[in-house]
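There are 2 protein chains.
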Amino acid sequence: MKKSLGAKTLLFPTPVLAVGSYDKEGRPNVMTAAWAGICCSQPPCVAVSLRKATYSYANIVLRNAFTISIPSQEQWRKADFFGLASGSLMDKFAKAGLTPVRGAFVDAPYVEEFPLALECRLLQTIELGLHTQFVGEILDVKADPSILSDSGLVDIQKLKPLVFTPDTQAYHGIGEFIGRAFTSSTPG
Amino acid sequence: MKKSLGAKTLLFPTPVLAVGSYDKEGRPNVMTAAWAGICCSQPPCVAVSLRKATYSYANIVLRNAFTISIPSQEQWRKADFFGLASGSLMDKFAKAGLTPVRGAFVDAPYVEEFPLALECRLLQTIELGLHTQFVGEILDVKADPSILSDSGLVDIQKLKPLVFTPDTQAYHGIGEFIGRAFTSSTPG
Numbered sequence: 001m002k003k004s005l006g007a008k009t010l011l012f013p014t015p016v017l018a019v020g021s022y023d024k025e026g027r028p029n030v031m032t033a034a035w036a037g038i039c040c041s042q043p044p045c046v047a048v049s050l051r052k053a054t055y056s057y058a059n060i061v062l063r064n065a066f067t068i069s070i071p072s073q074e075q076w077r078k079a080d081f082f083g084l085a086s087g088s089l090m091d092k093f094a095k096a097g098l099t100p101v102r103g104a105f106v107d108a109p110y111v112e113e114f115p116l117a118l119e120c121r122l123l124q125t126i127e128l129g130l131h132t133q134f135v136g137e138i139l140d141v142k143a144d145p146s147i148l149s150d151s152g153l154v155d156i157q158k159l160k161p162l163v164f165t166p167d168t169q170a171y172h173g174i175g176e177f178i179g180r181a182f183t184s185s186t187p188g
Numbered sequence: 001m002k003k004s005l006g007a008k009t010l011l012f013p014t015p016v017l018a019v020g021s022y023d024k025e026g027r028p029n030v031m032t033a034a035w036a037g038i039c040c041s042q043p044p045c046v047a048v049s050l051r052k053a054t055y056s057y058a059n060i061v062l063r064n065a066f067t068i069s070i071p072s073q074e075q076w077r078k079a080d081f082f083g084l085a086s087g088s089l090m091d092k093f094a095k096a097g098l099t100p101v102r103g104a105f106v107d108a109p110y111v112e113e114f115p116l117a118l119e120c121r122l123l124q125t126i127e128l129g130l131h132t133q134f135v136g137e138i139l140d141v142k143a144d145p146s147i148l149s150d151s152g153l154v155d156i157q158k159l160k161p162l163v164f165t166p167d168t169q170a171y172h173g174i175g176e177f178i179g180r181a182f183t184s185s186t187p188g
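From first to last, the protein sequence lines are chains Z and H.
For the first sequence, position 162 (counting from the first letter as 1) is numbered 162 according to my numbering, and the numbering increases by one without interruption.
For the second sequence, position 169 (counting from the first letter as 1) is numbered 169 according to my numbering, and the numbering increases by one without interruption.
Some hints here could point you the wrong way.
One copy or two, it doesn't matter: identical chains are merged, so the pair holds either way.
Simulated pairs of lysine-lysine, DSBU-like, Cα-Cα distance not exceeding 35 angstroms [what the hints assert, rightly or not]:
#, residue 1, residue 2
1, Lys158, Lys8
2, Lys24, Lys52
3, Lys24, Lys95
4, Lys3, Lys95
In case anyone wonders, no lab produced these hints; they're calculated from the structure.
Excised from the complex, chain Z in its bound form (with noise of 0.2 angstroms):
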């Protein structure tokens, strides 16, 4: 017998990402973001959201581009502060001696040193109450070569990404390698 916790935003794993944009300016901006997900297969794309009274939002909306750079576990503490600080106080890339990299495909900026980042441009933006969510297709993923594998794909046990926990409010890594999807014709 299940015991309710109430309506709670309880979903596990919660990713930890960290999403980059300009200012009107052209200042770079990033912040950690953890209600997200990919979202459709063709085109592919992520959804992420935002609240409306972040830094981040005009910029997403003005330039209508972000990207995802996905930091590594040992990296916790950067992404951490990234969530914390506000892009309309300090150059948040600076403070955390972090290079921005202009995308290839999209008006915003990537996190160089972090190893895995996506460019994206807005395709929708949905209006659901504290937070909005911005629909972005994925031009393009770029990787650090130190994650893929041989055979070109990337390792998850070399990126090492964290795993957000919404009620505990912690970070967790990457476990062991449970098994193959898709292979499973019947239920074990």
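Position chain H relative to chain Z; hints supplied.
Okay, now just chain H, sitting in the frame of chain Z:
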């Protein structure tokens, strides 16, 4: 210098979720989805994307409701099976030996044996291309007492959710605790 991988649906971590629904005859169905994430804090909302071709798609549109049940890593074969079989051809709950439980708040069933379940009322339906995104308001979260900490919060190390890797198509577990969120007033 990063390497371009092209326009791909790559995000880490990606969840493994069992989406529950009733068909027009009231038969329970469940399918696995990975294109999903929390999308709003107030009202609490989750987004999950399905192809129109799935049996679940019509069910959710008809009932304006769905559930999300989160399997634990030892249940990965059942979750994988739910992503391969079609509810139009069989009763997947019965085939997997799992129990559909009618939601207390919405007209959709969740998986009794999976440790966490969300009851969702369909709020918005967003056409994106191959996938349609369903935004559901989370009306209740239900948890097995076995995955709760002493303070009544979900312990991710007890839940042990699966992490899906979109390119290598594999499942991984959750790793060690890395740090507390919202503690880094400086970037470390």
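How the hints compare with the structure:
1. With identical chains, the CA atoms of Lys158 and Lys8 are at most 35 angstroms apart both within one copy (32 angstroms) and between copies (19 angstroms).
2. With identical chains, the CA atoms of Lys24 and Lys52 are at most 35 angstroms apart within one copy only, with a shortest distance of 16 angstroms there and 39 angstroms across copies.
3. When the C-alpha separation of Lys24 and Lys95 is checked against a cutoff of 35 angstroms, the pair qualifies only within one copy, where the shortest distance is 20 angstroms, while the shortest distance between copies is 56 angstroms.
4. In the homo-oligomer, the alpha carbons of Lys3 and Lys95 lie at most 35 angstroms apart only across protomers (26 angstroms), although the nearest pairing inside one protomer, at 44 angstroms, exceeds that limit.
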